[in-house]
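Novice: Listed below are the residues making up each chain.
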Amino acid sequence: MKHYLDITAIDHVQSWIDQALQLKVDPFQFESLGKKRTLCMLFFNPSLRTRLSTQKAAMNLGMQVMVMNFGSEGWQLEFEDGSIMDAGKAEHIKEAAAVVSQYCDILAIRAFASLTDREQDEAELVLNSFKKYATVPIVNMESATAHPLQALADAITITEFKKVERPKVVLSWAPHPKALPHAVANSFVKMMQLQNVNLVITHPEGYELDPAITKDMSVEYDQQNAFKDADFVYVKNWSSYKNYGKVLSKDKNWMITQQKMQLTNNGKLMHCLPVRRNMVIEDAVLDSDNSIVIEQANNRTFAAQLVLKKLLGRYEN
Amino acid sequence: MKHYLDITAIDHVQSWIDQALQLKVDPFQFESLGKKRTLCMLFFNPSLRTRLSTQKAAMNLGMQVMVMNFGSEGWQLEFEDGSIMDAGKAEHIKEAAAVVSQYCDILAIRAFASLTDREQDEAELVLNSFKKYATVPIVNMESATAHPLQALADAITITEFKKVERPKVVLSWAPHPKALPHAVANSFVKMMQLQNVNLVITHPEGYELDPAITKDMSVEYDQQNAFKDADFVYVKNWSSYKNYGKVLSKDKNWMITQQKMQLTNNGKLMHCLPVRRNMVIEDAVLDSDNSIVIEQANNRTFAAQLVLKKLLGRYEN
Amino acid sequence: MKHYLDITAIDHVQSWIDQALQLKVDPFQFESLGKKRTLCMLFFNPSLRTRLSTQKAAMNLGMQVMVMNFGSEGWQLEFEDGSIMDAGKAEHIKEAAAVVSQYCDILAIRAFASLTDREQDEAELVLNSFKKYATVPIVNMESATAHPLQALADAITITEFKKVERPKVVLSWAPHPKALPHAVANSFVKMMQLQNVNLVITHPEGYELDPAITKDMSVEYDQQNAFKDADFVYVKNWSSYKNYGKVLSKDKNWMITQQKMQLTNNGKLMHCLPVRRNMVIEDAVLDSDNSIVIEQANNRTFAAQLVLKKLLGRYEN
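Chains as they are written, first to last, in the numbering used here: chain L, 1 to 317; chain V, 1 to 317; chain G, 1 to 317.
A few of these clues could be false.
For chains that are exact copies, the list does not tell them apart, and a pair is met inside one copy or across any two.
List of simulated lysine to aspartate or glutamate pairs, DMTMM-like, C-alpha gap at most 20 Å [said to hold, decoys possible]:
(1) 190 - 122
(2) 190 - 117
(3) 132 - 295
(4) 131 - 222
(5) 24 - 105
(6) 178 - 86
(7) 252 - 86
(8) 178 - 73
(9) 89 - 283
(10) 190 - 220
(11) 36 - 316
(12) 246 - 86
(13) 89 - 216
(14) 24 - 119
(15) 89 - 287
(16) 250 - 86
(17) 132 - 283
Worth flagging that the hints you see were computed from the coordinates, not collected in a lab. None of the values given here were measured: they were computed from a predicted structure.
Please construct the entire structure, taking both the sequences and the accompanying hints into account.
Specialist: Encoded structure:
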């Protein structure tokens, strides 16, 4: 593996999950692996879980960590080739990526979708520019279209909590006041397609995800139908893909309630967080024993640690 | 000790002071105690001394440190139970505290008073919410009503500099252009009540501190009378408590001057810093040999280090 | 050496360059030198290279690092003696510098020129105030008039790439949309004066640098003439010194092009970065094999590491 930009970087997903669970048993077992190695984390957007869990993961491996909020602490970057830089942007990605690569051994980047220009978002301009011009491995800490550290943590969590060989996993859209990206949903769907699960996607009409990702999967537009006998309910809001970045509905009838959860097979509730209570999911569900959102967030550390450990492999003799 | 939220967490104050002074002699004597342990510092407000001294204290103990400015780097938090989160706040404290607890071993938090709503400030919403939902020890890096790391450093400093068994310690209000919280004054008064000192409080009428803290202490409204024969003058501005958060006076006659210091028993000047020169205290006093504000700030490291060391105790075998 | 404020702190420049190149061969050879030592980096301005390379340099030496963005994370500082601090500034440099000195072993500071008041910029108020009131060594991470870490990296880079005993080095002004400081150009000129090079400075009339720095050097106002047979072309924009801080020209004819580079002796292109492409230097030049701007940025780590190593010397037994 050269980079961890998408879950396609994972060769044997079940083996990865097993390795991550091994790391969780003793997070410091490889603490000399990262000695003299530095992770540089560049944030173009806010972050809580990713910021802290990735940092913790690196430290567990004995790495040094440098964290930089690009917008406020550095220079505005230009990503277009051939542009005449006579306005606000002070540095080109060509220099920035090549230079930063010299100060660290692994580079982790968060750069959200604009939600205004689908083509540009799908081109993954920031992430792919770093990939192109950096000389060290890149880790995606959520890009315009993918959040593969989250998806790996999700798969680990489902493995930990599943009670049947092939659980029913429902990905349910839920209402939100703001337009949100598709990254988490995209990576979750791709990850579930690699797992032995019965994946059902439910959302209002108009909220169909990128068909290149959902492929031939049919959508269950009736949320209650979808929830029936579910072992896991994975909740997430996203904006429209077709009507790119638009909020078509804030219909509260799509909020996740205890009543709906009772349709499931004592199903576990998952969400990547942050979650808006009583808008996306009601208190009673988040506060119930079936919510595993905190355990899911905990697995972010071990997902990141496994990815960093694998990328450090290139530096081993 | 489960948390360090207030100085009531201190069991034997004189023993703590002695231990802190022992740490000061050789700050690295416990440098293996914090190995594999992580301190996460969350700031909801600016900080210089607390930010750097607490970080240094943790590193002296061999800990890893993660620093996060919550406002700019993360998500806006909701603290109210049962609220419908359909506006600006993206994450509830319930999730944030539980999640962050999983990425660290000790959580330190700075969250100032609003000074607009006394009841809310006294409820210590931020600090107590973290206490309620976090699963690791919490350290108060200045909350709405208390600054116990500062008060411990103050007590250490007085022990170092006192020349008599029972020194006279004057807490003097001084003018300031802005409305300031009561946290430092509160914790100082509580700490002095535990010490063998003659504590005298002086301030203009209307600036009485919370009577639940000052208890039956009388106030000396004549500053010059208060200063007579003082061994220590502890200077601090605060806004009105009764007329909550209001600036009732900027009377320059209350500024600390050399002339007033000459009324003391060659008294030492203390201030928690930052201090506005020639507004709160005149240059001549701050620049005199009797100012110990820099030494006092130095003790912040050892106060924090002792608190962290004690909290790390729970992880020892 | 007590501080590293300017390149005048360097005693034997060639020996420093040799030592830095030795560090580059094995950056971790002194990794126990900085154990229990802390570098505190204070930024009053944005930074990418300096932020990351200096941090990396310190970690290579085994030091702990604390990074603080003064403006957003701390208090606004007052630098004037005797001022009445009744407005926005909460803390005086006297306290800030003395206090921070107690939490670290070396203090590094970035504080750019105002470009509005030449006298004040030349007084180096921020840097010199820290020097005056701090009790630990100070490292200049670019001040109003000097960038000595950059100049040391520049000298290292020229030593690495030069093919003749006494190369011709051209410092060329180039156009830029904004008014930029003189710090980089100043330190580069001073550094070249210490080297066995033929230094030629070229810029439009009105852009003469501080004569106290350029001394009796004549200026070549014809850029193409200047470029003839150059072994190195060092590109930098700066605002007018005489007409202090003003942009007198954005003349695109001064942009660095391949055509101009062909006048050189297969000359290497240098720039401190960030660089605005197709405004300061055209793509073809930056993307050519003769551009060594990335290698130059890499040497920032070893320049900083050497400076820190020398300053740590004071703590050795």
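Novice: So, for every hint listed, does it hold in this structure?
Specialist: Consistency of the hints with the structure:
1. 190 - 122: within (16 Å within a copy, 49 Å between copies)
2. 190 - 117: Neither: 23 Å inside a chain and 49 Å across chains, both beyond 20 Å.
3. 132 - 295: Only across copies: residue 132 and residue 295 sit 18 Å apart there, 35 Å inside one copy, limit 20 Å.
4. 131 - 222: For residue 131 and residue 222, the Cα distance exceeds 20 Å both inside one copy (41 Å) and across copies (41 Å).
5. 24 - 105: between (24 Å within a copy, 16 Å between copies)
6. 178 - 86: between (34 Å within a copy, 9 Å between copies)
7. 252 - 86: between (47 Å within a copy, 11 Å between copies)
8. 178 - 73: Result: close only across copies, 19 Å inter versus 27 Å intra.
9. 89 - 283: between (44 Å within a copy, 16 Å between copies)
10. 190 - 220: within (18 Å within a copy, 62 Å between copies)
11. 36 - 316: Result: close within a single copy only, 12 Å intra versus 23 Å inter.
12. 246 - 86: Close across copies (17 Å), not inside one copy (33 Å); limit 20 Å.
13. 89 - 216: neither (42 Å within a copy, 37 Å between copies)
14. 24 - 119: neither (39 Å within a copy, 43 Å between copies)
15. 89 - 287: For residue 89 and residue 287, the Cα distance is within 20 Å only across copies (19 Å; inside one copy 46 Å).
16. 250 - 86: Classified as between: cross-chain Cα gap 10 Å, same-chain 42 Å, threshold 20 Å.
17. 132 - 283: between (44 Å within a copy, 16 Å between copies)
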